[in-house]
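Protein chains in written order, with my numbering: chain A, 719 to 1046; chain B, 719 to 1046.
Rather than coming from a laboratory, the hints here were simulated on the basis of the structure.
Possibly wrong hints are sitting among the right ones.
Since copy identity is lost for identical chains, a pair holds within one copy or between any two.
Here are the simulated lysine to aspartate or glutamate pairs, EDC-like style, with alpha carbons at most 20 Å apart [as the list claims (entries may be wrong)]: (1) K914 <-> E899; (2) K816 <-> E1039; (3) K720 <-> D913; (4) K861 <-> D994; (5) K937 <-> D886; (6) K861 <-> E1040.
There are 2 protein chains.
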Amino acid sequence: MKTRIAILGYGNLGRGVEAAVAQNPDLELAAVFTRRDPAALSLRTPGVPVLAAEEAPAWADQIDVLILCGGSATDLPVQTPQYASLFHVVDSFDTHAKIPEHFAAADAAARAAGKLCLISCGWDPGLFSLARVYANAILPQGKDETFWGRGVSQGHSDAIRRIEGVLDARQYTVPIPAAVEAVRRGEQPALTPRDKHLRECWVVAAEGADLERIEREIKTMPYYFDQYDTTVHFISAEELARDHAGLPHGGSVLRGGVTGWDGEHRQTVEFTLKLDSNPEFTGSVLAACARAVHRMAEAGMSGCKTMLDVAPAWLSPCTGEELRAHFL
Amino acid sequence: MKTRIAILGYGNLGRGVEAAVAQNPDLELAAVFTRRDPAALSLRTPGVPVLAAEEAPAWADQIDVLILCGGSATDLPVQTPQYASLFHVVDSFDTHAKIPEHFAAADAAARAAGKLCLISCGWDPGLFSLARVYANAILPQGKDETFWGRGVSQGHSDAIRRIEGVLDARQYTVPIPAAVEAVRRGEQPALTPRDKHLRECWVVAAEGADLERIEREIKTMPYYFDQYDTTVHFISAEELARDHAGLPHGGSVLRGGVTGWDGEHRQTVEFTLKLDSNPEFTGSVLAACARAVHRMAEAGMSGCKTMLDVAPAWLSPCTGEELRAHFL
Chain A
719 MKTRIAILGY GNLGRGVEAA VAQNPDLELA AVFTRRDPAA LSLRTPGVPV LAAEEAPAWA
779 DQIDVLILCG GSATDLPVQT PQYASLFHVV DSFDTHAKIP EHFAAADAAA RAAGKLCLIS
839 CGWDPGLFSL ARVYANAILP QGKDETFWGR GVSQGHSDAI RRIEGVLDAR QYTVPIPAAV
899 EAVRRGEQPA LTPRDKHLRE CWVVAAEGAD LERIEREIKT MPYYFDQYDT TVHFISAEEL
959 ARDHAGLPHG GSVLRGGVTG WDGEHRQTVE FTLKLDSNPE FTGSVLAACA RAVHRMAEAG
1019 MSGCKTMLDV APAWLSPCTG EELRAHFL
Chain B
719 MKTRIAILGY GNLGRGVEAA VAQNPDLELA AVFTRRDPAA LSLRTPGVPV LAAEEAPAWA
779 DQIDVLILCG GSATDLPVQT PQYASLFHVV DSFDTHAKIP EHFAAADAAA RAAGKLCLIS
839 CGWDPGLFSL ARVYANAILP QGKDETFWGR GVSQGHSDAI RRIEGVLDAR QYTVPIPAAV
899 EAVRRGEQPA LTPRDKHLRE CWVVAAEGAD LERIEREIKT MPYYFDQYDT TVHFISAEEL
959 ARDHAGLPHG GSVLRGGVTG WDGEHRQTVE FTLKLDSNPE FTGSVLAACA RAVHRMAEAG
1019 MSGCKTMLDV APAWLSPCTG EELRAHFL
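Turn these sequences into a full structure, and let the hints steer you where they fit.
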């Protein structure tokens, strides 16, 4: 019996989920819901209906898990509680500071309906969170560091696009090798934002725009850029499309700890991702999470959970016997 | 209420567990059981009784979790089922091929007694198994590689010590950087054992022993050394004690996968450990597992499980609220 998955929101992430579902024989795409005109979308998966979001409730019996692929700023705070009262739901809510609030709203809705809701799935939050929790549980005396990149930050790219005279932009977050290596060696160095990451900006300016002003506005933008060494490169729209179309990302979570009676032994735990496509990888995490949610709901669980509450075996298509024989 | 932990077996691993328990304010060492003369052991932790293994059953009410620190060859196959009928138990059984059999014996004993038993905890099996399961669940199209070292392999060191004329030996397993880098780049290369690891041997020979024969016997030893490039260095007992007293280890689990409709995007997941002290790190994993076992047993679980069945949050001393606010 396959897990019947529906997607709400067919942007980069929704398409990533669709491709991931196609890689997993035990999952099948049952429907895509959209707030756009359904006739305007054409899926890669043959024979799957595209429906208006308002039709979703009528499909409750034909869908095991609904994956919400909207944005964290305005979509998910509304959608996750709303749909968690109708479906078992997975989302990728990634506004770290607002997770407790989002959890509370989703938990109330899911509990009231007897549904299971898994929030903040992906890689950060998600796999990076798991790496932090495992490493902290095992090495209570130590220090965490997270490095992001080299990869495209949508938030920083958007911030540049809002500057007057900017037509388009792509911002890469770049970890600084010397800092990564010092943490890898277990030295637990004190690192400022500037020590850890560079910011590299590729900008398409409007004809006649004041490039010096744009560069200055980028480099002095509070929080986004002013705490970092930032480089700004002006290029044509064609060059941006040719050289910066991808959405690579990744990064490393490291914990340097010590063990022994005098803390005499250094122990370093590292989890690293190198991703050619951030939305396809995140979509792949969401697909595995949908499998887990279906099984956990069948086992009687309800309410809101995160990946920290999911036993790893639930994510795998393999049986316990297979996992013990081949993966342990 | 602290988790009261007892240790059975006070070798390198038992001492590692003791040091780890001391780092965790929510854990306390309640007793150490030994098959040696209890009077011959002196613990680092003040005020903790050292008792003969036969006395363990009488302590059942005063211990929440018993951590078995014996060896996988002969101790644990007997001890784990035996003690799982009296205590909630954690072990580090690491003979990969025999895990299904060990699981079945432990599961039968634990179920019959209503106890919870967590086997094969540590880093391989253990954290490396978790890394494989997460990465495979997320990237179904891909290839796993595991590299071990640079670190001391007890099994290979013991194999050298059994050669006639060898007084002592230390064997380092050394991953080959070019192989690690190719896997990191997501190239999914085909690798033989010789491509992946070197074996470096430091040997103390008896006076007058035939060094050429010893070196030949090492390098041609089936399975242990014949499939690898092996270097043999003869040194004095003093040099061995001075330069090779530590038990460092570590390694990397990597999965290179592809996503997208034509597998056009490479995605690489890596989990790496660099350990100054293998037994202290393994002991730290066992201590966190004992915390999880205590909580899972309180929640009503019983039978045999592995770390694949443990939701990450169970391992952490933090509450769900704390984890969501600070780690997610």
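Now the hints, each set against the structure:
no.: 1; hint: K914 <-> E899; verdict: within (11 Å within a copy, 23 Å between copies)
no.: 2; hint: K816 <-> E1039; verdict: between (39 Å within a copy, 12 Å between copies)
no.: 3; hint: K720 <-> D913; verdict: neither (48 Å within a copy, 40 Å between copies)
no.: 4; hint: K861 <-> D994; verdict: between (29 Å within a copy, 16 Å between copies)
no.: 5; hint: K937 <-> D886; verdict: within (16 Å within a copy, 61 Å between copies)
no.: 6; hint: K861 <-> E1040; verdict: between (36 Å within a copy, 17 Å between copies)
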